[in-house]
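Residue numbers (our numbering), protein chains in the order written: chain A, 1 to 113; chain B, 1001 to 1110.
For the record, the hints were derived by calculation from the structure and aren't laboratory data. Among the hints, a few may not be true.
Unchecked claim - Derived pair list, reagent style DSSO-like, types lysine-lysine, alpha-carbon separation capped at 30 Å: (1) A:Lys57 / B:Lys1003; (2) A:Lys57 / A:Lys13; (3) B:Lys1041 / A:Lys57; (4) B:Lys1097 / B:Lys1017; (5) B:Lys1097 / A:Lys13; (6) A:Lys57 / B:Lys1068; (7) B:Lys1056 / B:Lys1041; (8) B:Lys1041 / A:Lys13; (9) B:Lys1068 / B:Lys1097; (10) B:Lys1056 / B:Lys1068; (11) B:Lys1097 / B:Lys1056; (12) B:Lys1017 / A:Lys57.
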Amino acid sequence: KAGVTQTPRYLIKTRGQQVTLSCSPISGHRSVSWYQQTPGQGLQFLFEYFSETQRNKGNFPGRFSGRQFSNSRSEMNVSTLELGDSALYLCASSLLAENYGYTFGSGTRLTVV
Amino acid sequence: ELKVEQNPLFLSMQEGKNYTIYCNYSTTSDRLYWYRQDPGKSLESLFVLLSNGAVKQEGRLMASLDTKARLSTLHITAAVHDLSATYFCAVGSGTYKYIFGTGTRLKVLA
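Next up, chain A with everything else stripped away, as it sits in the complex (with noise of 0.2 Å):
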């Protein structure tokens, strides 16, 4: 079964720009997670989703939001781009992620200049 899908893979943005990042994830998952990973501060939770409702979310500036469709689909948004949010952008999605964790996607690579 096709798993959890990430668009786009790659992208470069400039400082004080915006960019949208999208997840779809498994058929039937319907808690979505983001994940920001850097060499320095590693795997950090952005925030997570279920049936269109945001459940947790890290501790994160304003400028990183997220939404959940009523199709799961899930997109994260960064305002106001900085060079320090240069990162690997994970998605993951859960049937019930208490029992069985969360299957990731590949990641969007996002690199601010």
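Chain A is already provided as a structure; the job is to place chain B on it using the hints.
Leaving out everything else, chain B in the frame of chain A:
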């Protein structure tokens, strides 16, 4: 706030040897997950540990959880080159949020 520490950060080992990766966490949790990440790739789920004393095994990898000690171990038996990767533990923090460890970069030498 929950802190998750893994050690060692780097591990270089010979094929055929055994070794253990440790994951310590700072506050109570009964949900712990292990993932593997190959260079340039995404994370692959290895184990889900949901109770004190839980033990899971898959091939040459075995994971265990001691919630009282706030410790999980990932034991590698008779390592082979294909196990070279970065291994992460992730601990449940409150609801629907997981804190990842720093990762252990494992290199198995032939």
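Given pair status - lysine 1056 (chain B), lysine 1097 (chain B), alpha carbons within 30 Å: 22 Å, holds
Given pair status - lysine 1017 (chain B), lysine 1097 (chain B), alpha carbons within 30 Å: Violated: lysine 1097 (chain B) and lysine 1017 (chain B) sit about 35 Å apart, past 30 Å.
Restraint check for lysine 57 (chain A) with lysine 1068 (chain B), where alpha carbons must lie at most 30 Å apart: Roughly 27 Å separates the two Cα atoms, so the pair holds.
Straight-line alpha-carbon gap lysine 1056 (chain B) to lysine 1041 (chain B), limit 30 Å: 24 Å, holds
Hinted pair lysine 1041 (chain B) and lysine 57 (chain A), Cα distance within 30 Å: 25 Å, holds
Lysine 1017 (chain B) paired with lysine 57 (chain A) [C-alpha distance capped at 30 Å]: Not satisfied, since the Cα-Cα distance of roughly 41 Å exceeds 30 Å.
Satisfaction of hint between lysine 13 (chain A) and lysine 57 (chain A), Cα-Cα up to 30 Å: 24 Å, holds
30 Å Cα cutoff - pair lysine 1056 (chain B), lysine 1068 (chain B): Satisfied, since the Cα-Cα distance of roughly 18 Å is no more than 30 Å.
Agreement of lysine 1097 (chain B) and lysine 13 (chain A) with the hint, judged by alpha carbon distance not exceeding 30 Å: 29 Å, holds
Straight-line alpha-carbon gap lysine 57 (chain A) to lysine 1003 (chain B), limit 30 Å: 16 Å, holds
Pairwise hint evaluation, lysine 13 (chain A) against lysine 1041 (chain B), where the allowed Cα distance is 30 Å at most: Given pair lysine 1041 (chain B), lysine 13 (chain A) holds - Cα atoms ~22 Å apart, limit 30 Å.
30 Å Cα cutoff - pair lysine 1068 (chain B), lysine 1097 (chain B): 21 Å, holds
The structure fails hints 4, 12 (numbered hints given earlier, in ascending order).
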